[in-house]
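Chemist: From first to last, the protein sequence lines are chains B and E.
Per full-length UniProt numbering, the very first residue in the first sequence carries number 1; after that it's consecutive.
Per full-length UniProt numbering, the very first residue in the second sequence carries number 1; after that it's consecutive.
Keep in mind the hints are simulated off the structure, nothing from the lab.
It should be emphasised that the depicted structure is a prediction, and the values quoted were computed from it without experimental measurement.
Watch out, some of these pointers could steer you wrong.
Stated by the list, open to error - Which chain E residues face chain B? A few, computed with CB under 7 Å, are given here:
1) L106
2) N118
3) H122
4) V136
5) R139
Virtual Cβ for every residue (Gly too), placed ideally from N, Cα, C.
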Amino acid sequence: MNQSAWDLFWSSLGPMVQGAILGTIPLALASFAIGLTLALGLALMRLSRLGWVSGIARVYISIVRGTPLLVQLFVIFYGLPSVGIVIDPWPSAVIAFSLNVGGYAAEVIRAAILSVPKGQWEAAYMIGMSHRRALTRIILPQAARVSVPPLSNTFISLVKDTSLASVILVTELFREAQQVAAFSSEFMLLYLEAALIYWVICLALSSVQSVLEKRLDRYVAH
Amino acid sequence: MSPTDPIDPTDPAGPTAPDAAAQSDALLRVRGLKKSFGPNQVLQSIELTVGRGQVLALIGPSGSGKTTILRCLNGLELADGGTIDVAGEVSLDFGTPPTKKQLAALRDRSAMVFQHYNLFPHKTVLENVLEGPVVVQRRPKDEVTAEALALLDRVGLSSKRDSYPFELSGGQQQRVGIVRALALRPQLLLFDEPTSSLDPELVGDVLRLIKELALEGWSMVIVTHELEFAREVATEVAFVDGGRIVEHGDPKQVLRHPKEERTRQFLHRLLFPF
């Protein structure tokens, strides 16, 4: 690689990292937090004995998983204004990503709750717990352990999917890359550079995942 | 036993010896209990009485309904009909589905020891024992902790207070299960095949503990396959088959000289498996 390419690499690193820190990462964190809350609610709805309650959750999950994220983003940002609802790029992106994570993580959480043996519910009821208390104190802590690996996957996917927000004008890592690339025409270099930064972020996340797994595994035989 | 003894079962009144007076003053009275799973009627019409300080052993082939009886007593299964009365304080008629409050009151009177222990794996031994009394019953944590440690000490597990269940043997886990039940200060202890998932050499410790509790005056219902244990510890044995109590009475009489042919067949199969 020649000197000018290196110079471009280093000079564009600043804006891209800034895009990651101000755009990609907060976007992913906010969407994941909201999405997980939504997912827990949907998972509990799916497990409800009331047919219509679980039906609503089922339809929601089916729609979210059955339509492209890019299309969901476009509907919210470019579609809703035609019915009089105008939402800024950032909140549009957070809404789309949260709804998306909610749909995917709901199935993970549901499966994790179901993976806790029935005897745990019974022991909780036996000591006098209500359904809600059994869920929060006995079942969910055990479900959390099971769901860390699949939820980490969801989160890592989300971090990469935030690059889609560039198409609705959110300033984040990939949009920075596109802007620099447009001026310099060094597409290969700059997009590889963007890819490298995503990779580094995901590597960091993977190590957070393994720390979390170890922590939650302290009460399980190995 | 002093009134402050942590496992005084009928605190503060103190345990009552099983005698004729206790018989009439039944702790548990079950009448006409029915339960179906779909088209399958697993309990036909169960009648049971357990006096204060008495030990009822339920024996019978698997699938006979004996575990279902026990689970109905703790509200883990809802009976379809019949009544359960505990100490004249809680009286449930399953002709109509019980309210949450009624169910809570029923569970409050009894505590169950499970075949597979069902300890909470994400909590330490001590936390397992404290969870019910502190979180549910809202008793003072210091007081309950002292009581729990005394109970753990008694079953030889005070050194394991900070261990997680997976670090314990089956026998140790089941003793924690028993301590967890005792710490709830129930009036009635329910044992669901407490030694069935233990290695043979670990069965003795657990049975010995249950026997001690029986001698101290705890009222119990025990589902068991340990006939020798039932004969020695129970004040009454009931043979359950096909969702009915086929015969019940004095342990020696039922186990040695059963009146019913079905009881005889069952005992014979158990005593001479091959």
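Chemist: Enumerate the violated hints, using their earlier numbering and listing them in ascending order.
Modeler: 1 and 5
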